[in-house]
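Novice: Take 361 as the starting number for the sequence shown in the numbering used here and just add one per residue.
No lab work stands behind these hints: they were computed from the structure. Be a bit skeptical, because a hint or two may be false.
[To be verified] List time: in silico EDC-like cross-link candidates among lysine to aspartate or glutamate, alpha-carbon distance up to 20 Å:
#1 K452 / D531
#2 K584 / E468
#3 K439 / E423
[Stated by the list, open to error] Cβ pair distances, simulated, as ranges:
#4 Q392 / A427: 31 to 39 Å
#5 V556 / E529: 36 to 44 Å
#6 E468 / E435: 21 to 29 Å
#7 D531 / E468: 17 to 25 Å
The beta carbon of each residue, even a glycine, is placed where N, CA and C say it ideally should be.
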Amino acid sequence: MQSEQQPDSENPNTEVEQDHGYRSGDALDMDQEQRIELLKVSSNALVTRLTQVVEQALGRMGEEISALAMKKSDEQEQKTLLEAASLIGRAKSQVEAGFKARYAKLFEQKLFNTPTLGLSDDPDQELALVDNSFIRDKLKRERLVNRTRSKLESEEVLGLRARLAALIERDWFDENNHPGAPEFVYEALQLAIANVGDDEQVRFTLLEAFEPYLSANLNGIYAKVNAYL
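Using the sequences and the hints given, assemble the complete structure.
Specialist: Structure representation (structure tokens):
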């Protein structure tokens with residue numbers, strides 16, 4: 361899937377794009393059936409591997425959060441941590457399944473630029489989340505997103521943005537709005553957690569505990585998907 365086009369001296373992004381064999385708007389020499397199959401394989405790989413990271417993280421986070429709670433002297437902070445650990449203990453499988461379903465929907469919606477409402481199993485709960493705390497959660501989440509994004513390798517991010525866009529015959533995805541962006545991983549997990557627990561601070565505690573796992577694994581996931589493409 362390499363482009364043979366020559367650099368455009370008037371385009372300041374051309375040199376970076378050429379490093380990855382793509383330029384914005386490139387056309388691929390493959391038929392529609394091949395595009396669909398490759399898109400399906402790469403999309404499934406991304407969703408599956410991210411779900412595995414979530415499962416691994418949730419399997420360890422309960423004990424880690426409980427241990428952290430025992431070190432806290434502030435009673436309210438300790439209570440929040442213990443509630444977060446308890447929530448994972450009783451709803452781990454629900455969160456895992458919820459994440460996979462929500463992220464798969466988010467991925468498709470971001471890929472084809474369709475509306476992002478209706479991600480919750482419970483429409484009333486989804487509406488309440490948006491109305492009451494979504495903006496606050498998004499602001500808190502942004503700090504975690506920035507932390508993860510700072511650890512990403514630009515080569516892998518550029519490759520994913522270019523290759524996914526080429527498969528659906530559009531210009532490159534924006535850096536922070538491509539379907540595999542960390543923003544949407546955190547958003548899907550947040551929605552999955554919110555479906556089993558409504559305490560805002562507990563939600564953020566779990567997202568914060570998840571950050572090191574995503575930051576440590578996302579480059580490898582991008583690399584694997586780029587290899588498919």
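Novice: Take the hints in turn and mark each one as holding or not.
Specialist: We went through each hint and held it up to the structure:
With a CA separation close to 39 Å, the supplied pair K452 and D531 exceeds the 20 Å bound. Under the criterion of a C-alpha separation no larger than 20 Å, the hint pairing K584 with E468 is consistent with the structure, at around 19 Å. With a C-alpha separation of about 15 Å, the suggested pairing of K439 with E423 holds against the 20 Å cut-off. Take Q392 and A427: their Cβ atoms lie about 53 Å apart, and the range 31 to 39 Å is violated.
The hinted window of 36 to 44 Å between V556 and E529 holds, with their beta carbons roughly 39 Å apart. A C-beta distance of roughly 44 Å is found between E468 and E435, which places it outside the suggested range of 21 to 29 Å. The beta-carbon spacing between D531 and E468, approximately 19 Å, falls within the hinted interval of 17 to 25 Å.
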